[in-house]
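For this one, chain B is given, so just place chain X on it according to the hints.
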Amino acid sequence: MHSPTFQELKKNLKKDFSGLNKIKVAVLGDSATQLYVQAIRGYGYEIGVSFEILEADYDQIERQIYDPASELFEFSPEFIIIFYSTNKLLKTFVNLSNSEKSTFTKFQIEKFKNLYISILSSISCKILFFNFTELNDSVFGNYANKTDVSFIYQLRFINFELMNLALQLKNFFIIDANILQSQYGHKFITDNNIYINTELLFSIDFLPIIAKNTLDIIQSINGRFNKCLILDLDNTLWGGIIGDDGIENIQIGDLGIGKVFSELQLWIKQLKQRGIILAICSKNDEEKAKDPFEKHPDMILRLEDIAVFIANWNNKADNIRHIQNILNISFDSMVFLDDSPFERDLVRTHIPDIKVPELPVDPADYLNYLRTLNLFETASFTEEDEQRTIQYQEEAKRSIIQQQFTNERDYLKSLEMVSMVEPFNTFNIPRVSQLSQRSNQFNLRTIRYSEEDVKKIAYNKDYQTFAFSLRDKFGDYGLISLVICNKIGYQTLFIDTWIMSCRVLKRYMENFTLNILVQKAKESCITELQGEYLPTVKNKIVKDHYQNLGFIFKENIWRLSIMTYIEKPCFIKLKSKL
Amino acid sequence: MGENELLNQVNKIFIDVLDNEDIILTKNTTAKDVTEWDSLTHIQLIVAIEKHFKIRFISSEIRNWKNVGEMCLCIANKLNK
Chain B
1 MHSPTFQELK KNLKKDFSGL NKIKVAVLGD SATQLYVQAI RGYGYEIGVS
51 FEILEADYDQ IERQIYDPAS ELFEFSPEFI IIFYSTNKLL KTFVNLSNSE
101 KSTFTKFQIE KFKNLYISIL SSISCKILFF NFTELNDSVF GNYANKTDVS
151 FIYQLRFINF ELMNLALQLK NFFIIDANIL QSQYGHKFIT DNNIYINTEL
201 LFSIDFLPII AKNTLDIIQS INGRFNKCLI LDLDNTLWGG IIGDDGIENI
251 QIGDLGIGKV FSELQLWIKQ LKQRGIILAI CSKNDEEKAK DPFEKHPDMI
301 LRLEDIAVFI ANWNNKADNI RHIQNILNIS FDSMVFLDDS PFERDLVRTH
351 IPDIKVPELP VDPADYLNYL RTLNLFETAS FTEEDEQRTI QYQEEAKRSI
401 IQQQFTNERD YLKSLEMVSM VEPFNTFNIP RVSQLSQRSN QFNLRTIRYS
451 EEDVKKIAYN KDYQTFAFSL RDKFGDYGLI SLVICNKIGY QTLFIDTWIM
501 SCRVLKRYME NFTLNILVQK AKESCITELQ GEYLPTVKNK IVKDHYQNLG
551 FIFKENIWRL SIMTYIEKPC FIKLKSKL
Chain X
579 MGENELLNQV NKIFIDVLDN EDIILTKNTT AKDVTEWDSL THIQLIVAIE
629 KHFKIRFISS EIRNWKNVGE MCLCIANKLN K
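Quick note, the sequences are listed as chains B and X, same order. Oh and the first sequence: position 573 is 573 in the numbering used here, straight run, nothing missing. Oh and the second sequence: position 58 is 636 in the numbering used here, straight run, nothing missing.
With the rest of the complex left out, here is chain B (with noise of 0.2 Å):
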């Protein structure tokens, strides 16, 4: 993982972006934005993206956002970042009255949020919010903490105000530019000399990094995001080989410099509760590997926290490949730590998309360092995402079953599957969004729905919804399918969408998913199934999607005739609430 200086995100610009992935963008700052801009399109280079930046005037913001013929409406961004700074706000705050001054959150916060309606109100889009970094005025000194008419006290209720709005506003997002400060510093995210002739708030130093931090909100809301982190053991987890020192004597804990690795244990632990999913890949016998998970006391990690456990003589760069065969998902969604250069350098080379930390010489750096690289943005949290590390180690011991069948039938037989299929309704409306902005191989469109959006089909007579859960014999997937149809004609119906978890391909689970649509459709007396297929760099799997379901490609469209339709085989079994 190489990060970028601003000189080599400048010298992106002049590189050839035609065929990357394009998103729109609007920046309104009331200081200078151009270094800021040139950052976040070199930065979209990097990792695949062209971004096309609207960057409005100097210090245009509310005109931008209140004037309906605006470039900013005309341009129609998918994200927009507002950037006010705390030079700007200090300025207004010094000119306040007492009484004022005590208010002052009350009434920024109310600005903020008529701006978000206003936009919102003209067009549908993200919102990404810069707060404010803190600046010590030293007018008051620590007694500022103790008045409200201190900048200090109107400055950090404005930041937590704007938590609030955040977790009010679906589409209000915020980049946290004050814990980068907190993180790098204030002398190294400014320049005096440089401000002073320029209004450019940022140093060159800092520009790549908090470029990055805005891709990173972007990316992670449409679904590009870290899932999962694979992990060695020895020198990694805990210091020491657990082959050669033996459990006793493995630092972790108070045993030598063990603290550092309770720390960074204590770190995945938390990412592992909130959804990111734990591997193991270690140089080992699996049963030694083992052996700390379940009885060393210090261990903060059990077995039960990690949902694939590789431990062999083979070559990482293989049981990480087997890793991903059992996940499903894509290379690019997986970071691996490993404290061993040749190991690092080695899955790199073979597997170009996975992510592998530079980790420093000294444990002691390593928790400091991996949390620099914030590697795991993500845009949503349901409870769900907490139950993911089950699912996947249910995975694990089907694919072990799988390979006692030697036919297929049989094996899908076995499993029992049951599947429950319900139309959109307010319990399952958070996970039906979710899946929508996740998803992005057996996706046919990829149209990405917000929670706002997926509530306005569900209450859309023109529109038929499917929700489809599925759990066999080892547990539960939870919803993993969901079909939006749109009626388009008298008796004609078009699939606007049609997306499937990767984790239950090869169950037959879209013969199934048509089996319902055609009766559904029969029901409301519907002749002509639609769909089509949007082709992304992802969704290649989906290519013959139709074609394999038997519907004829005819003017542009495909089509299914429901009266010529013939059951389809699964072995599913319904439970339905339609």
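By construction, these hints were calculated from the structure, which means they are not laboratory data.
If we take Cβ atoms under 10 Å as the criterion, some of the chain X residues that face chain B in the derived model are:
{"#": "1", "residue": "H620"}
{"#": "2", "residue": "Q622"}
{"#": "3", "residue": "S638"}
Because the structure is a prediction, the values reported are computed rather than measured. For glycine and all other residues, C-beta sits at the position ideal for the given N, C-alpha and C.
Frame of chain B, contents of chain X only:
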């Protein structure tokens, strides 16, 4: 460091930051003579020069040079202190 050597090093920084191999600086070169040299790239040049020579310009210096010669003189003064 001699005058020519200093100019030479500054020239290299210009080539690198402005991404243009053809830049040849003289003492009399001004921003008008180099296409890519505008107020924004000026900032990058300043930062690159500060890093390279391990010096720090004060705010008023940054805006007062009339040409590359004055800029080099300013650098030389700081290096000789």
